[in-house]
Every structure is written in C-alpha cells, then in structure tokens.
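Please build the complex by placing chain C on the supplied structure of chain P, with the hints as guidance.
Take a look at the letters that make up each chain.
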Amino acid sequence: MKKKLLIEIVIVLLISIGGMYFTFKKQMNLGLDLRGGAYILLEAQSDNGKAITSDDMARLVEVLDRRINGIGVAESRVQISGTDRVLVEIPGVTDTEQAVNMIGKTALLEFQLVEKDGTLTNTGLSGRDLESSEVTFGDMGQPQIAFTLNINGAERFAKITRDNIGRELAITLDGEIQSAPRINTAIPGGRGVISGNYTLEEAKSFSTLLNAGALPVRAEILETRSVGATLGKTSIEASIMAGKLAIGLIIAYMIIMYKFPGLIASIALINFGIIVFGVLNYIDAVLTLPGIAGFILSLGMAVDANVIIFERIKEEIRNGQSIIKSVDAGFKKAFSAIFDSNITTLIMTTILFSLGTGPVKGFAVTLTIGTIASMFTAIIVTKLLLKASLLYIKGINAKSFGIKEVA
Amino acid sequence: MRLEIVNKSKLWLGISGIVIAISLVGLLTRGLNLGIDFTGGNLIQVKFDKEVSLNELNTVLDEISKDYNQLGHGRIVQESEENEFMIRTIELSEEERNGILSKIKAFSEFDLLKSEKVGAAIGEELKVNATYALLLGSVLIVLYITLRFEFKFAIAAVVALFHDIIISVGIIALLAYEVNTPFIAAVLTILGYSINDTIVVFDRIREMHRKNKSAKLADIIDDSINSVMTRSINTSLTTFLAVGAMLIFGGDSLKTFMATLLVGVIAGTYSSIFVVSPVVYLLEKKEGLKNLK
Chain P
1 MKKKLLIEIV IVLLISIGGM YFTFKKQMNL GLDLRGGAYI LLEAQSDNGK
51 AITSDDMARL VEVLDRRING IGVAESRVQI SGTDRVLVEI PGVTDTEQAV
101 NMIGKTALLE FQLVEKDGTL TNTGLSGRDL ESSEVTFGDM GQPQIAFTLN
151 INGAERFAKI TRDNIGRELA ITLDGEIQSA PRINTAIPGG RGVISGNYTL
201 EEAKSFSTLL NAGALPVRAE ILETRSVGAT LGKTSIEASI MAGKLAIGLI
251 IAYMIIMYKF PGLIASIALI NFGIIVFGVL NYIDAVLTLP GIAGFILSLG
301 MAVDANVIIF ERIKEEIRNG QSIIKSVDAG FKKAFSAIFD SNITTLIMTT
351 ILFSLGTGPV KGFAVTLTIG TIASMFTAII VTKLLLKASL LYIKGINAKS
401 FGIKEVA
Chain C
1001 MRLEIVNKSK LWLGISGIVI AISLVGLLTR GLNLGIDFTG GNLIQVKFDK
1051 EVSLNELNTV LDEISKDYNQ LGHGRIVQES EENEFMIRTI ELSEEERNGI
1101 LSKIKAFSEF DLLKSEKVGA AIGEELKVNA TYALLLGSVL IVLYITLRFE
1151 FKFAIAAVVA LFHDIIISVG IIALLAYEVN TPFIAAVLTI LGYSINDTIV
1201 VFDRIREMHR KNKSAKLADI IDDSINSVMT RSINTSLTTF LAVGAMLIFG
1251 GDSLKTFMAT LLVGVIAGTY SSIFVVSPVV YLLEKKEGLK NLK
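Keeping their order, the protein sequence lines are chains P and C.
Each residue of the first sequence is one higher than the one before, starting from 1 at the first, in the numbering used here.
Each residue of the second sequence is one higher than the one before, starting from 1001 at the first, in the numbering used here.
One chain only, chain P, in its complex shape (with noise of 0.2 Å):
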C-alpha cells in the first residue's frame, strides 16, 4: 500500500517538475493581441476561372514572406489557413497601413511600349526576369530604384531598346506607370534605373516589392486586424491580475468550504495550473485573450471536480464509513460523473477548434487541455495527496473535513 503510493507521488512528481520545466523554460508565446502587432488575412483570387493550385499558395507564402522580411520584422509568420487563404502575422507593427502596403500588392513589374497613341504594347519583358533591384539617388539626390536583369532579361532588353530607340518605354507596377523614359540608346548589360517621383520610404519599400518578386495569384485582403502594444500591455496586464484574483478566491472559497481537503485541492489547482501552462508551452501554443479565457474557465471546472469528489467523500463519512474508506468510495462513485461531464466539454472544445477562426481556436486549445488536465489533477493528484496525509499527518477526522456530526 505505501509503496505503491510512493510510486504514484514519484510519477506526479515527475510530472510536476516536467511541467514546471516547460512553463519556466522560455516566454510564452503572446498573441497580437497581447503584444501588440498586425494580422492580415488575404484570399487568393482566381482569374478567369482558373484554379487556385497549391503551387500557386506555396509560391504566394513565399513571396510575401520575403516582402515582410524585407520591411525588417522579426518574428513574422505567413501560413496558408485553409485551401486559398493566406494569414499573415507581423509582431510589433501597430499600424496595419505599411504592412497592408506591402502585402496587398501583385507587384507585377511590366515594360510596356508606349504607342503614338499613348497605349501600351507588352514586350514580354516583366519582373521575372529580374535579378535585383536596390535604391540609389539620382543626380539630383532623388531616391530611385536601380534594377539588374538576368541572362535572359538583358538579352530581351538589349533587344528592345535596340529595335525602338526615340519611343518611350514605360515601366508599370499592377497597370500603374512609374517612369516613362525615351529610349536615346541600347542597352546592353540589363541594367537600367526607375527615375519615377518618390519619397525615400517609397523606393524602399518598392524596391522590395521588386526583389520579393510578384504574387503568382491575386490576392485580396479579407480581414486586418492591428493592436497597439499599450493596449495589448493593458490587457495583459488585466488578465494577469483577473487570473490572480480568481485563483486567490477559489482557494479561500474552497478552504472555507472543505477545510482539510480544500487545501488539498488548492494545492492540486497550483499543480494544475502548471501542467497546463507546461503543455501550452511545450506545444508551442500562442497564448491570446480568449486563451486565458479559457484557461481560467477550465480552472473553474478543475475545481469542479474536486468538489464533486469532496461532497461524495463528506456523504459516505456522514453515512458511519472510516476516513479512509470515505475517500476511497467519494473518488470511485465520483469518477463516473466527472468523466460524463469532461467528455461533453471535450465534444464542445473539438468542435470549436475543427470549425472556428484564430481567437476561437486559441480558447478551445487551452481549454481542451485545460480540461484533461483538471481530469487528471482531481482524480490522481488529490486523490494522492489526500491518501498522503491521511497515512503520515495524524488526526485527520470528520471535522477536518468540515463535518459537525456524523450519523
């Protein structure tokens, strides 16, 4: 009996200093929301009729990848969500105009001749067949944008204003025309320059538009989302105090209520709260508001349980059973109950997560692993710690655990 028992504390122990492990060993990951930072969701469009291929996704995640790396944020993250949708996420970007900028361009880089009647004929020759574009300053100190072409480019270039001197050839981005220069001679070496009116920050960000190349598909923003980071600062720091004082409640609440095995518990919720967060931060999971949400939602059923077992153990001592078979009767009549009612939560948790978006999915994930680990803390750490004091503190009795008279 006691070394089966002191197994068991060896496997919670174990557990326990995992999950300490886990929770202490790096930052949880905070969400935008409670960082601060801009969330962009796009869709790919399909033109006339053409299906949107996952090569078309992989290659759109890419290039977009590359054009918010290149504004220089750290930590962004483009996914696909779905079949034909793109989530960008950008940490620490509190305004979503220079994000949106860069993200919601095709950028499709296009030399086009201009006709005597101001139209434009295509050359062939676009943005594929550039190698690098960079910002450099005119004569005059105006920023401008310097691109080299590839082999293949260079070629097509040399040819084109070789066979077209005196025309003017346009250079468009998406349609626009930036510049519009007369051809005076042929250029050979695919070098050339972008003289079109820009601000610094406008050539920086076109240049990197260019060297990130141009989106395979259109894609058209569906939702952005930005928070600034006081905010997201005021409410972390809300939900922390929120969390505190729900904890700090429950464990004088159940105290009061269940003396003895109170204390148990809210030391079991302690151990609780340390496996979830442990799993949260093994998983890598994002922690955002409706997570801690959820967190504290599940703390209020991890306490569920254990009042459950705790009214089931008082029912048998007041029926005449001894401490001991008290308890051991309250956990097994109570299993049943807690197990019913876990499984409905965990129906509900996996529908949330298999149907909702990003804030939902976040509160189903720590409220799914919330509820197991309120299953296991009830049944196997109370249980454990409760068996524990009854066999090495002496004079636990039927007051201990709260009970007057017993029949």
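Only true hints are included.
Using 20 Å as the maximum straight-line C-alpha spacing, the simulated PhoX-like pairs for lysine-lysine come out as follows:
#1 LYS1293/C / LYS332/P
#2 LYS1285/C / LYS1010/C
#3 LYS387/P / LYS399/P
#4 LYS259/P / LYS383/P
#5 LYS1008/C / LYS1216/C
#6 LYS383/P / LYS314/P
#7 LYS333/P / LYS1293/C
#8 LYS399/P / LYS325/P
#9 LYS333/P / LYS1213/C
#10 LYS325/P / LYS404/P
#11 LYS1152/C / LYS1285/C
#12 LYS387/P / LYS3/P
#13 LYS1285/C / LYS1216/C
#14 LYS387/P / LYS314/P
#15 LYS1293/C / LYS1216/C
#16 LYS2/P / LYS387/P
#17 LYS259/P / LYS314/P
#18 LYS383/P / LYS333/P
#19 LYS361/P / LYS1255/C
#20 LYS1213/C / LYS1293/C
#21 LYS332/P / LYS1211/C
#22 LYS332/P / LYS314/P
#23 LYS361/P / LYS1127/C
#24 LYS383/P / LYS394/P
#25 LYS244/P / LYS1255/C
#26 LYS233/P / LYS1047/C
#27 LYS325/P / LYS4/P
#28 LYS1255/C / LYS233/P
#29 LYS333/P / LYS1211/C
Rather than coming from a laboratory, the hints here were simulated on the basis of the structure.
All of these numbers come straight from a predicted model, not from anything done at the bench.
Then chain C, alone, in the frame of chain P:
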C-alpha cells in the same frame, strides 16, 4: 431543507418560462448588437492626448464625413474609457481609413489602440460556422447522452441547453452589448457547461436507480437533486468567482464574453436543478426509467 422538484415542477418551469419570455422579447425587439465580425466593416479604437467628449468627437466626425461619406451612415461611436473611443464604420479601404485617421489627427493627437477591418464575406462565414457548431454540438451531445444514459435524458438535456442559450443570448441582447467572435465561443462554452451540470444530475439519477430499481421515479429525482445540490451551488459559485473576476478586471475586450458566460452559468445551474428534472419526470412518467443504462 429539502427541495421539492417534481411536486412543484409547475412553479420551477413557470419561473423559467417567464425569464425565457423576457429574453425572447429582448431578442426579437432589440436583436443582438452585432459587431463588425458579423456585419463586416471597420473598427478604430483611439485614445486622445487631450480631453475629448463624445459630442465633440461626433461633431468632428460629421465634419470629416463631408469628405468621406462612409462615415456618414451606420457609424457608431462609443466611449470606452476617458478620452478613449471606439468608432465603428462600414467597410473602408485602406486609403479611406488613413485619410479619416489623418483628419482626426488634425483635430487632436491620439494613440491608435486598435484597428480592425472585416470583410462582409468573413462575417457571413462566421454566422454559418457558428450555426454549424451549435447544431453539430447538440447532435453529438444527444448521441453521447443516449449512449451513456438514454434518449429521453438527451431530450431533457437539449431542452435545458436551449433554455440556457436563449436566456444568455437574450440577456446580452437586452444589455445591448456588442457581440463578436468571442461571443460564439462563450455560447458554445455555455453549451458545454450546461451539459456538464445536467450530467452530474443524470449521473445521480442513474446511480440511485441502479441501487433501488423499485423506488418511485419522483423520489429518485428529488433525492438525486438534493444530493447534488451542494455541489451545484459550490461549483457555480467558484466558476462565478472566476468569471466575475475576469469580467470586472479583465479589461474591455472580453466584457461581452465574460458577461455571456456569467448569465450562462446562472441559467445553467438553475436549469440543471429546476428544468432538467421536471422534464425527465414528464418524459419518464409512464415508463419509469426502464431504458436507463
């Protein structure tokens, strides 16, 4: 003290009926105050550096709407804290939004706390997904309860479920709180919570029935309720404490979420005690738990 559930079932169901009626009236007359997550549109939250009143801001916005007529119709401005406002508009393009912001800036410097834009298609999707989730959740729970208890219990559980959801949604409509994505999570959580409470009662009925198969249905039900009563109250109180703490100190963004949960917890506790059992009694009166597993 011993509560008589079966004998006084008309009273208990009557109370529920009245609250449901009030909720339905709220829901039908006022409707839910749908946020941009559902309707699509833009939301801007700003904190001004100087003292600004709601009236002043509205005057400024009216002025700006001469250039940006999107600001003119369907605009909702709310003061969330001192000098801090939420401006809800119809969907704006990035240029329009920036234009409006710079015009507001000309009036007073501010800190942009939050800016959101949701396309109408996304809002539509959210509604559809929420309905799916609710239906799928109900069906799965009916299946599970039928498997573990019996079909009539599942019906009673679903009655309690709709009871709780109608009341929570109705009260939120009456309070005119703005609802967004988290609201759906809250409603689905209430679903889980409601079932949770109900199952604890069912579990007791099942156990008492197994122990004494010849006991009268009304006695079994009343005994079960009275033995789980302390648990129900204690659990509700602790959950109430946790949710209440979040509601009061958790900041503005989760207000609707937490308020919905709070109403749901109260409704769920009530229904698990006073609604589920009378319904089970009415359904089982003839056959008397003979199919209970």
